[in-house]
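Working from the sequences, and respecting the hints, build out all of it.
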Amino acid sequence: MNINVNDYLIVATIIFCIGALGVLIRKNLITIFLSLELMFNAANLGFVAVSEYLNLMSGDIFVIFIMVVAAAEAAILLGIAIAFYREKGTIDIDKANELKM
Amino acid sequence: MSIFLKYILSIIIFFPLLSALILVFVNKKAEGLLRNLATVLSLVEFLLSSFLFIYFKSNTYEFQFVERFSWIRAFGASYFLGIDGVSLFMILLTTLMTFVSLLSSYKYIKDHVKEFVILMLVLETFMLGTFASLDVLLFYLFWEFMLIPMYFIIGMWGSGRRIYSAVKFVLYTLAGSLIMLFGLITIFILHYNQTGNFTFNLLKLYNTNIPLTLQIVLFIAIFLGFAVKVPVFPFHTWLPDAHTEAPTAGSVILAGVLLKFGVYGFFRFAIPLMPEAALILTPIILVLAVISIIYGALVSIVQKDLKRLVAFSSVSHMGFIMLGLFAMTAVSVDGSVLQMINHGISTGALFLFVGMFYERRHTRLIADFGGLAKKAPIFAALFMIAVLSSVGLPGLNGFVGEFLILVGSFKQYTVFTIFATSGIIFAAVYLLWMFQRVMFQDITNQKNEDFKDMTFREIMTVLPLIFLMFFIGLYPDVFLSRINPTVVHFVNIIEHNKYAYNLIKAKMGLFNA
Amino acid sequence: MNSKDLIVWLIPFFPLLGAILWGVFGKYFKNYSGYLGSIFIIISFILSTVIFFMVAYGHSFTSTLYSWIDASYFKVNISTTVDRLSVIMLVMVTGISSLVHIYSIGYMKDDKGFARYFSYLNLFVFSMIMLIMANNFLLLYVFWEAVGFCSYILIGFWYEKKSASNAGKKAFIVNRIGDFGFALGVMLIFVNMGTLNYSSVFSGIHLLPPYLITTIALLLFAGAIGKSAQFPLHVWLPDAMEGPTPVSALIHAATMVTAGVYLIARCHVIFSYSPSASNVVLIIGGITAFIAAFIAMTQFDIKRIIAYSTLSQLGYMFMAVGIGSYAAGIFHLVSHAIFKGLLFLTAGSVMHGMSGELDLRKMGGLYSKMKKTAITFIVGGLALSGIPPFSGFFSKDAILASLFNKGDYFFWIIGELVAFMTAFYIFRLIFNVFFGESHVDKNLHVHESPNVMTVPLIILACFAAVFGFIGMPPFNHSIFYSFINKDFANSLNFSPAVNNYPWYLLSTVSVIAGISGIYTAYVFYIKKSLDLEMLKKRFKAVYALSYNKLYIDEIYDFAIVRPMKNFSVFLWRVVDSFVIDGAVNGIAQWISVTSSKVRKVQNGMLMSYVFTLTVGVIALLAYYFVR
Amino acid sequence: MLDLAQIYNGYYLEKSLLSVMPEAVLIIFAFLILLAGLFSNFSKNSVNSYYLALIGITFSFLYLFMLSDHTIKGFYGSIVFDKFDVFLFTAILLSGFLTVLMSKNYFDTRNVLIPEYYSLILFSISAMMLLVSSINLIMIFLSIEFMSICAYILTGYLKGESRSTEAAMKYFVLGAFASAFLLFGSVLIYAATGHLGLYNIHNFMSQQNYKLLYHTYNVHTFLVIGLILLLVGLAFKMSLFPFHAWTPDSYDGAPTPVTNLMATGIKIAAFGVFIRVFTSIYNFNVFNFYNILWVLAILTMTFGNFAALLQTDLKRLIAYSSIAQAGYILLGVIAGGYYGISGTLFYLIAYVFMTAGAFAIVIMFENLNLTSVDIKSYSGLGYKYPLAGAAFSFFLLSLAGIPVTSGFMGKFFVFSAAIKSGYYWLVIIALLNSAVAAYYYIKIIVKMYMSDNNDNSEQIKLSNGSNNTIVNTVNANNMDLQTFAESGGGKTALTETVLLKSTTSALIIAVIICLIFTLILGIFPQPFISFASRSVTSLWNI
Amino acid sequence: MEALFYIFSIIAIFSALMVISVKNPLTSALYIILCFFALAGFYILLNMQFLAAMQILVYAGAIAVIIVLAIMLLNLAKTKGAIKDFHQLVIGIIAVGLLFLEVILYIDAAGEKKPTGIYTNAIINKVGNTQIIGEFLFTKYVFPFEVASILLLVAVIGAYIFAKK
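Residue numbers (our numbering), protein chains in the order written: chain A, 1 to 101; chain B, 1 to 513; chain C, 1 to 627; chain D, 1 to 542; chain E, 1 to 165.
It is possible that part of the hints are untrue.
Unchecked claim - Derived DSS-like pairs (lysine-lysine); straight-line CA-CA distance at most 25 Å:
hint, chain 1, residue 1, chain 2, residue 2
1, C, K372, C, K442
2, C, K30, B, K452
3, C, K27, B, K452
4, E, K164, D, K73
5, B, K452, C, K600
6, E, K164, A, K88
7, B, K6, B, K204
8, C, K537, C, K597
9, C, K162, B, K447
10, B, K29, B, K107
11, B, K447, C, K442
12, C, K27, A, K95
13, B, K6, B, K57
14, E, K164, D, K159
15, D, K443, C, K597
16, B, K375, B, K107
17, C, K600, A, K100
18, B, K452, C, K161
19, C, K597, C, K528
Because the hints were derived from the structure by calculation, they are not lab data.
Below you can see the structure in the form of structure tokens.
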């Protein structure tokens with residue numbers, strides 16, 4: 001059986017959904033971020049696959065920028081996690097419920 | 001002089017705003033100065049507006065003192081002012097009532113005098129603008145902003161449940177206005193679709209062809225906006241609250257001027273824009289008008305609070321005006337317009353008196369009074385004139401308007417008119433009963449023993465109104481001769497459309513019975 | 001403005017001037033207001049007399065002051081027409097007013113509201129003059145209401161008394177009910193005729209379909225019922241006696257209440273085209289005449305008795321105009337004005353002497369103490385009872401004769417019956433007040449009234465005695481009838497009391513009725529040969545009915561006033577506060593409750609935010625797939 | 001192979017550079033601020049950086065006006081500079097300018113400012129501008145992330161305040177989550193069309209022959225799902241209803257000037273890019289996106305208004321109201337066409353002034369109490385500070401859409417556009433919504449003017465009782481104020497002058513600017529309408 | 001090729017599942033590095049060796065290390081009870097399942113390679129994918145590249161601001 005772009009997209013979708021599930025069910029800020037990274041990576045996979053199958057390059061370039069952004073976000077997350085931990089002594093997002101209604 | 005006359009409307013409209021600006025720079029503590037200055041400025045404003053009366057050509061229905069400048073090209077909106085016989089008197093009424101209510105609040109308004117006089121003058125500008133605009137957008141601008149100063153006046157200087165009343169007033173009328181805005185915009189868009197031009201020029205919008213079903217929908221939308229303001233029976237509920245809790249000046253302006261906007265809106269906008277729909281819906285509106293008359297009167301009978309009584313009586317009186325307007329005969333519409341003036345004067349005066357009661361005794365409950373005629377004969381006499389004017393006693397203003405309305409409506413809407421006429425009985429019942437309980441009989445409450453008679457200022461406050469009551473009652477021709485051409489033109493438009501309406505009716509088989 | 005117009009407009013001008021002067025500057029006039037006011041009215045009276053002769057020896061004429069209302073096709077002028085009917089009324093009104101004014105100077109002497117009183121009274125005279133002179137229906141209506149208003153303020157003159165202010169209010173409102181019909185009638189005239197001028201209306205009324213004429217006539221009559229206090233709107237008049245007695249004499253006996261009769265006489269053209277409406281007038285007149293007399297027989301308040309008597313006599317007049325005998329009606333109107341004015345003024349004099357006492361059970365034997373009053377009273381009583389040669393005899397007899405003549409025997413019998421009862425109750429009054437043993441409070445100093453009061457009484461008494469002769473049988477040839485009938489000549493069923501039956505036979509019947517009434521009273525109250533108490537017991541129901549005024553006030557209270565009040569309370573409390581306001585507040589409440597629920601979406605938990613977002617995405621995608 | 005000749009054409013590059021000059025200026029100034037931070041001492045620096053930021057924005061303005069007649073497509077279809085940009089840049093720069101004006105006083109009072117703040121503001125403004133001028137999915141994604149990262153940092157800027165950090169955290173997680181959807185949507189669009197440039201996608205779709213790819217994979221479905229997911233990403237930034245969740249919390253927790261920037265700048269940028277994307281991609285009949293937007297608009301405005309109704313925290317209230325406003329703005333986009341889009345743009349610029357004005361006043365009062373932004377603490381303020389109260393009322397009325405204010409004109413414009421496009425019911429619902437909305441705006445006015453102003457003591461108790469770190473960090477200057485307020489007791493201790501003293505002229509200038517523009521936009525909107533209309537014309541030439 | 005695809009798929013999906021299900025964040029971080037490797041494998045399969053290298057360098061090398069650092073720094077390795085309660089799990093799975101179904105259901109048509117671009121594998125291999133990407137980055141995508149650099153700078157500032165006491 002020939003592997004085509006759909007297969008890659010299916011894999012990407014699965015990973016994307018797993019990532020989304022992770023964000024939904026986990027309450028540890030770090031794990032949530034990891035789940036988000038999974039989602040980003042799913043998109044990366046999609047871009048690369050589509051690029052390759054359509055003989056294009058722009059998707060690949062997009063992936064590089066996504067990586068850059070992911071790195072930047074990781075840095076921000078680190079900062080937020082530290083600040084959050086400093087205030088609450090935990091990184092459980094359930095503890096962040098001062099702002100509501 | 002010619003320049004003055006050319007821009008007289010703008011001058012009149014914005015003079016109060018300018019006055020308010022001047023007052024902004026007066027020290028807050030100088031309350032006396034603020035009061036006097038505001039009163040004098042409003043008197044000047046009234047005198048300015050009397051130029052309109054002097055230079056008004058009474059033999060034409062054309063708009064006069066027209067000013068027109070491009071304003072928002074994108075919407076085809078223009079700064080388009082002009083008055084005809086109806087708006088002339090509405091403007092005069094506004095300037096007069098503002099002066100009177102400022103004069104009346106020397107004692108009533110104790111705190112925040114500066115804010116009060118400024119708000120009153122700002123309110124005046126917007127009321128005048130509403131009456132003079134011939135551009136729909138301009139009209140709406142003035143129309144809706146008017147709510148805000150009024151809202152402050154009720155909310156800041158009101159009594160009792162003032163906040164509730166103020167908020168209710170604003171939200172209620174705002175909701176109506178917004179629905180109305182929908183109607184106006186739709187007509188504006190329809191006109192665009194038909195001609196390819198954006199315009200808010202009312203006179204051009206008159207020519208818009210609106211399909212009948214849409215017309216009915218739009219009419220209902222616009223009806224809601226104006227009916228709330230009038231107020232017509234089921235939409236009146238803001239009125240007793242607002243009237244009751246507002247300070248005297250607020251009640252006077254509310255009753256004297258603000259309520260007229262609804263009827264004026266029907267006259268100027270709703271009916272001429274959508275004559276067929278107006279004609280089709282006339283029976284329903286007339287039913288509401290008649291219900292308002294009787295309902296307002298009956299509920300007035302059992303009121304315990306003076307102001308609330310007068311407020312409900314307004315509902316009744318405004319019902320008459322609606323009846324006259326929607327009967328759409330020259331006489332009845334003449335009567336309606338005259339009655340608008342009359343109602344402003346009479347009910348305004350009544351509120352002034354109620355305010356004086358309140359200033360003296362800090363209560364408005366009828367049961368707290370009694371036997372005051374002995375202590376305050378001038379008060380009693382003038383109050384009685386105001387009451388009788390409201391009752392519609394011949395020789396005073398109320399009678400002329402009411403009679404014209406009734407006689408004009410009689411032929412076409414006999415049954416409605418008969419029911420409406422019964423309203424004059426009820427008017428006598430509730431007003432005279434109230435008068436009796438307040439002024440006559442013996443003094444039962446010791447606090448009334450030192451009830452003071454009217455001061456010179458108070459007499460001066462009501463005197464113009466009392467004078468007008470007699471003047472209109474005895475020589476209404478001064479008013480009617482200026483109103484009539486406009487009204488006849490209005491009725492002709494409707495008559496013209498009646499033909500179209502009859503065709504439609506025949507086609508649709510509406511009201512086959 | 002020529003001299004004729006000037007005179008015409010001066011007649012109402014003086015009373016109006018008086019009204020304004022005393023009303024606004026009463027403080028400064030105080031005592032002069034009485035004299036000056038009387039002088040003003042006397043000037044009006046003199047001018048009226050001038051006009052009377054101008055009309056009598058000339059023509060009726062119209063005079064316009066200015067255009068009042070000019071609203072497109074609705075045009076009304078302030079203008080007057082003076083014709084024979086109006087000059088008679090004018091002279092009568094101004095004449096009696098003059099006397100009442102003079103009388104009032106004495107009667108109201110010590111009252112605090114002296115100037116105010118004369119202001120009101122002058123205002124009333126002005127309104128009444130204008131009512132009479134108006135030449136169109138709207139003006140008539142205006143002053144119709146204006147006299148009602150004057151009556152209202154005069155009844156409630158002593159406003160501190162609750163009963164007085166109540167009575168004033170009641171008078172106004174009941175009048176308004178009648179006016180409601182009147183107004184509708186005026187409107188109906190306008191929408192069908194396009195004008196309200198008498199001459200145009202009367203000349204064109206026959207072009208209308210009969211049912212419309214009848215409707216118009218009945219609606220106008222509704223006004224007359226209210227103003228003239230006919231059944232069923234008669235309830236205000238007895239209460240109106242709360243006002244000062246001269247007011248009762250002037251307004252509630254002589255002038256205002258007769259406006260209804262005047263109206264029908266004025267609109268005789270309309271009524272003559274509508275036999276059914278005329279019949280209604282006749283029936284109402286008959287009923288009122290009877291029940292009022294019936295009630296009057298058992299009352300104890302002297303003013304009320306006279307008031308019921310007024311009702312009853314007005315019933316006579318309506319019967320007259322109901323059968324088309326307008327001249328007779330007007331004649332009775334004038335003669336009644338004189339003797340009833342006299343009766344009221346004398347009653348006032350009695351009150352004056354008795355310090356305001358009104359209950360005839362507390363009087364008796366006053367004849368010796370106030371001779372002038374007693375004699376004039378008796379003259380008035382005789383006139384009322386229809387004893388020749390007093391004026392009442394001629395005028396009442398003319399009505400009864402025309403009733404008989406017309407073939408309305410039933411009403412003729414009622415008329416005779418009422419004549420009997422009239423004589424009975426008025427002499428019951430006279431005997432109880434002036435004769436028999438005294439029940440007067442010993443501490444009370446009873447005295448005769450001052451001359452300023454008694455002179456008008458004497459003048460009136462003279463007139464009451466001799467006035468009738470100008471309308472002596474045979475009626476058609478008497479001075480009065482030949483004068484007035486020129487105005488009624490063009491009406492359709494004009495029925496002068498023609499003497500195709502020997503008039504003296506009929507007159508004899510009436511005289512017998514009158515005398516037997518007086519005799520019955522004599523038997524009951526002077527001779528006391530019949531036990532009154534026993535009679536009362538035997539006819540307990542009838543007596544109670546009469547004593548309680550047929551319970552009409554109670555019925556109104558039960559059937560109209562209270563239901564209306566309850567309904568109003570219902571409208572206010574339930575419809576307004578609960579339903580309408582409730583709906584508005586309910587919407588607000590609903591919004592606020594919804595809001596408090598909606599807010600919970602934002603619960604602060606990141607997890608649920610993510611969830612919301614995901615659900616949003618799913619929903620959008622689902623829309624695509626489900627679509 | 002690549003056309004290198006074109007790439008190295010200097011003229012082309014120069015033109016490309018021109019197209020990003022306004023942003024470049026801002027970024028340069030942002031660097032300058034950072035550098036200035038290195039070479040000067042702390043306390044002075046905040047002042048310097050403040051002026052640098054203002055100057056930077058002014059320069060950016062100047063460049064903007066110099067370029068305003070040009071339409072430049074730069075960097076090979078990454079970015080475009082056209083009239084549409086000119087309009088939105090103006091709005092964004094104004095928003096930024098006002099934010100900077102507000103910031104100084106706010107942070108001075110709290111003494112927590114470090115120089116990076118202003119550079120971050122400039123960065124985020126430039127990111128917004130980049131977002132608006134992006135015509136490429138890569139650039140859109142990058143600018144959104146750039147903007148968001150700046151916003152995350154700014155939101156969490158109040159050190160030591162847990163609310164601020166919490167807001168940043170929530171904003172971050174949700175933002176990244178939404179970005180992931182946006183990315184995945186981009187993947188699918190890319191898969192369907194083979195392009196990332198909006199213009200190319202537009203061309204592809206307008207050729208009507210994209211069905212050619214059908215036998216490869218289901219292009220249509222890819223496209224639709226992709227577009228939906230892209231919409232989610234953008235809707236998140238616009239805070240449309242189910243994607244709004246971050247808005248109230250992060251608005252609430254963020255420092256108020258930042259809230260202002262988020263409420264105005266980010267919203268403008270989001271709507272700008274949405275309009276660009278929408279007009280180029282969505283208005284093809286691949287799928288009835290109008291229906292989706294229709295529903296979203298209704299849900300958004302209804303939710304916003306209902307949630308705001310019982311709100312007592314003023315910042316949250318404005319946050320919810322900004323959600324509702326987003327619904328109204330969306331109405332203009334749905335109405336579409338020349339008229340609708342110009343209405344939207346007009347509404348946006350009106351929205352900047354009224355919201356910024358409201359926030360400026362909130363900051364004024366916030367500085368005064370140094371406590372909560374609870375409505376309760378506003379009672380009687382209208383009397384104590386008549387001018388500030390009047391201005392605040394005016395902004396609130398403008399937000400409520402009462403005439404004479406810009407809010408009315410904006411609503412009117414948008415609603416009439418919607419009616420013109422036949423969305424009658426939508427407009428009626430929107431109108432009813434604004435009637436409901438009027439309630440909570442008016443509620444604040446009621447509080448300021450109509451409630452008894454005697455609960456001052458309670459207010460001060462509140463400020464004493466709360467263990468708020470801010471209270472402890474107030475500098476000496478403000479301690480005076482605090483003690484002054486305490487000593488005043490229940491009476492009217494704080495006068496207008498105190499308010500003025502505690503407020504730098506910058507804040508007042510911001511209020512005045514907002515006031516003037518709100519009024520002008522409400523009364524003489526024609527120049528702005530022309531501006532908006534002119535900018536719309538360039539939109540179809542992407 | 002196909003076999004590799006399936007192997008990588010299984011590794012990627014498995015490790016992704018592990019990332020979200022293990023309790024210890026440190027383990028999660030390790031699993032995600034595994035996932036990154038699997039993805040890098042995909043990139044190599046797709047003839048994008050440069051990206052694969054980047055994937056390892058940036059993601060596994062930098063990001064994951066930052067995360068691990070954070071975990072260590074905050075001493076979070078002990079954190080337990082990472083998964084929310086059962087209801088949350090079920091709801092989440094249902095929601096995401098729906099999402100998955102909705103997206104996946106229509107990626108069904110078996111497609112074949114239908115290139116529209118010019119960058120065939122042959123060309124890429126001839127020029128070398130690193131060079132092509134490099135050329136693109138510094139020509140056509142030079143502006144996003146610059147923006148990305150500024151973005152990184154901002155992120156650094158941000159991290160500094162957040163982390164500073």
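Hints and how they fare:
1. C:K372 - C:K442: holds, 22 Å
2. C:K30 - B:K452: holds, 22 Å
3. C:K27 - B:K452: Distance ~18 Å between C:K27 and B:K452 Cα, so the pair holds.
4. E:K164 - D:K73: violated, 41 Å
5. B:K452 - C:K600: Judged against 25 Å, a Cα distance of about 58 Å means the pair is violated.
6. E:K164 - A:K88: With Cα atoms ~16 Å apart, E:K164 and A:K88 stay inside 25 Å; holds.
7. B:K6 - B:K204: holds, 23 Å
8. C:K537 - C:K597: violated, 78 Å
9. C:K162 - B:K447: holds, 19 Å
10. B:K29 - B:K107: Given pair B:K29, B:K107 holds - Cα atoms ~16 Å apart, limit 25 Å.
11. B:K447 - C:K442: violated, 40 Å
12. C:K27 - A:K95: violated, 85 Å
13. B:K6 - B:K57: holds, 14 Å
14. E:K164 - D:K159: holds, 9 Å
15. D:K443 - C:K597: holds, 19 Å
16. B:K375 - B:K107: holds, 20 Å
17. C:K600 - A:K100: holds, 8 Å
18. B:K452 - C:K161: holds, 21 Å
19. C:K597 - C:K528: violated, 90 Å
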